[in-house]
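> Residue-level listing of the chains:
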Amino acid sequence: MPPAVELVSIAKTFGSVVALADASLTVADGEFVCVLGPSGCGKTTLLRIVAGLERQNAGAVRLRGRDVSRLPPSQRDYGIVFQSYALFPNLTAARNIAYGLETRGWDRARIAARVDELLELVHLPHHRHRYPAQLSGGEQQRVALARALAPSPSLLLLDEPLSALDARVRLALRHEIKSVQRRVSIPTIMVTHDQEEALAMADRIVVMNHGVIEQIGTPHEVYMEPRTLFVARFVGQMNVVPARADARAGWARVGGVALHCREGVTLPEGAALTLAIRPEEVVLGGAGHAAENTLVARVVGLQFLGAFTRLALTLPGDVPVRLDCDVAAGALAVVGAKEGDELALALPASALRVFPAA
Amino acid sequence: MSARAIPDRPVRQAWHAEAVLRLALIAFYAAFLTLFVLYPMLQVFTRSLQDGQGRFVGAANYVRYFATPAIASSITNSLAVATGTTLLTVVLAFVYAYALTRSTMPLPGLFRLVIMLPIFAPSLVQGIAFIYVFGNNGLLTRWTGFNVGIYGFKGIVAAETFYALPHAVLILVAALTAADARLYDAASALGASRVKTFVTVTLPGVKYGVMSACFVVFTLVITDFGVPKVIGGKYSVMATEIYNQVIGQQNFTMGATVSVVLLIPAALAVVIDRLVQRRQYALLTASSVPLRPARNRGRDLGLFVYCTLVAGGIAAIYLVILASSLVTRWPYDFTPTTKHYRFDTVGGYTAVWNSIEAAALAAVIGTVLAFAGAYLVEKCRTAASGPLYVLSVLPVSVPGMVLGLAYIFTFNAPGSPLNALYGTLAILVLSHLVHYFTVPFLTATAALKQMDAEFENVSASLGVPFYRTFWRVTVPLALPQIVALSLYFFLNAMVTLSAAVFLVAPGTELAAVAVLLMDDAGDTAQAAAMSVLIIAIGFAVRLLYALLMRGVTRRTQAWTVATR
Ligand SMILES: Nc1ncnc2c1ncn2[C@@H]1O[C@H](COP(=O)(O)OP(=O)(O)O)[C@@H](O)[C@H]1O
Ligand SMILES: [Mg+2]
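Just so you know, the sequences run in chain order A and B. The opening position of the first sequence corresponds to residue 1 in my numbering, with each subsequent residue numbered one higher. The opening position of the second sequence corresponds to residue 1 in my numbering, with each subsequent residue numbered one higher.
Mixed in with the good hints, there may be bad ones.
Taking CB as the label site, the calculated pair distances span [unchecked claim]:
#1 A:Pro125 to B:Arg468: 21 to 31 Å
#2 B:Leu547 to A:Arg183: 43 to 53 Å
#3 A:Gly306 to B:Val390: 54 to 64 Å
Counterexamples of contact, computed for chain B against chain A with all Cβ distances above 12 Å [claimed, not checked]:
#4 Pro7
#5 Arg12
#6 Leu25
#7 Tyr98
#8 Asn354
#9 Gly415
#10 Asp523
#11 Ala536
No lab work stands behind these hints, which were simulated from the structure alone. Model, not experiment: these values are computed from the prediction. Where is the CB? At the ideal position from N, CA and C, for every residue including glycine.
Could you put together the complete structure from these sequences and hints?
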């Protein structure tokens, strides 16, 4: 069976702005794919090209193997939820949901049954007669989702569906959307600029920057094995340390200290490179701990973040290097670090990723 | 960026029925604008460059226009009248609007109502009223034996001022209402005096409103034909000069030449007004707090007296018109009679029925065209959107006389198939709706802009054709504006004279034109009676509209009022 969605080398320009350059992507049946990237990177453009609301300059769009590159939106068979929801204000929730069914020649009973089913699915059975203005933001969002799903499309597109909601509703709706998607088992492309949202919801994440797809992978892959420095910095927290290649392959120097790094880029001695390590991967250790990659750093700030505390550290050297380190509440009590203290710490080689210099 | 070059054009979408329908509608709208706006205007330009036999003569007509003092003086006269009226009207209107919005004087509702009276009457009615009172045989002239010499500059300015007053008051009331109370609180907290507050807060806040009122009044007056025609005497302005050249001397090329020259100040005023209005919006912020005027006895009393005088003047005009239509022979014999309402010299009520029919048709067709046109331009973006927008807003800068002449050139050209329209009511309906097209078009555009741009995309994704969403969502959402547009078309069509005066034919007389013709023929009492009928019809329709609006509001209340 052909994949649900297949994008082949899509390119799109607006005047001199290149919104997308050579973007390729496949979405498998039932898969939830998040397109993640900073604002203006071309996510919406990509989604609208799949939807046929924007015309690509080059490349092909296939839905279930059918080439729809030149077809109008109405002939592509998908449901879409926009950032604004675009609910029809003069129609009740039920009429909004029925909107796509009324032109299909269904009889009334069948439409009513389908509307009931969808109201049930999004947990709004008692809101059928309310107008959009009488619904909360989260409820509007669910009605929009139900409307998009009503004609049983073979693809669901979501453009920043949660960005207009406040934080608590947003968290609840993440689960709601995800569970609806699972139950209906519909292939879905969701656009977001919120990396947490993408990590929490996606089966696979597509990270984009400046119209280019930087990496496609599971949340775990994207988080643990970022392929580029951009992905490393954009997804999750990341310390970035400028360094130079050491004479030994797989080693780098930061100031006077030689550090053993993860396998990866091999560069001639002295070449500039960037080391990256996540705050939770920095290991605090007592002085004199004889391990690889041990350093002494000074605490310049503490930020209490609930479950853990983020220590701001500087490494000694001609150019002081900043480093964040997350310490669980219990562990911090043991170490007892205060501002101004010097601490020994280790940067495990397995966590020290190497990228070409930024 | 990929090394491969990206083609600079997006791929073409495959043809489908909806796209074809959309294009066909756009093509129809483009054809309408081309045939009834662009082509007629081009005719005026080309005719101004030809001689009577249709030979190209370059700027010869213009040279003759400026070199003939009798005709050239119409330019300076027009500018003098328009400038004088603008200054007088805007000052009077400002104080009136200030009283309505910034004082606690009694009876503001009544004052708002009375000031709107002139909107319901053809402009020449104010001229006729002034003649009844100050003319050679006027009431005051006979009582006092003193003739103020109303015919000419004085009379035109006086009558035009009353004609233009409601338009200026509407704009200034809107500008003064939009004021932000917080600025005034700040000013009084800083201990600013009342005069200082007025100069530093009030005036800058309404600056754009005042400018806009100036341009609107200027355009109204310089393009008006009715008032100078009845009260101007030998004082010729450009609008009457076009009429004289065309109707009086059958000199169409000179008519076209004067038209083109008249287009310049009228179009300029419109363009500047548009630019100014764009600025005005930037002044309003969503967080503004409306101002509640404080009580102040002295000021309120002064403003009350002022409003009583102005509103009294307007009321007097319409009372004189009403009275003169109901007495045997003003001002000699005041025996009551209804004989003037028989209109025996112009063949009874044909003109009235024609006017109602033409206005109703213009209202219905105009509303459909303006709304659908705005939809096509705004929601179906194509390469044609820009040019269509320009053509849709162009009519506002075309004076009625010029439009009428353009239609003569277009629909009364020898051997043209378009001639079928000439002499029919259809051409009057068309001229009404084109003449008043721009404001409804822009109102509709603004209403459409407020709607979510994704409505059409959502429907497309659901497989619902665009015309169904237009009917089920777009139209219901804009219903209040749509009803308002149709009223605007109707009321204006009832009172307009300038384009129609060139286009009426035996059988298609219109009430407003009949007023002019009867006045010209000396049947002033019948002219007054006809004016009274026009105003009464306008009132009736306005009342109907208020009822309709109440129904619309009730229907839309459910979804516009959040009951969370
Ligand atoms: N209709 C348009 N006209 C011109 N430029 C556009 C248009 N739509 C998007 N762009 C540009 O294309 C780029 C990508 O936009 P978009 O896809 O909306 O980004 P995102 O959704 O990731 O924030 C941006 O630089 C944006 O300014
Ligand atoms: Mg976007």
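> Which of the numbered hints are not met once you compare them with the structure shown?
4, 5
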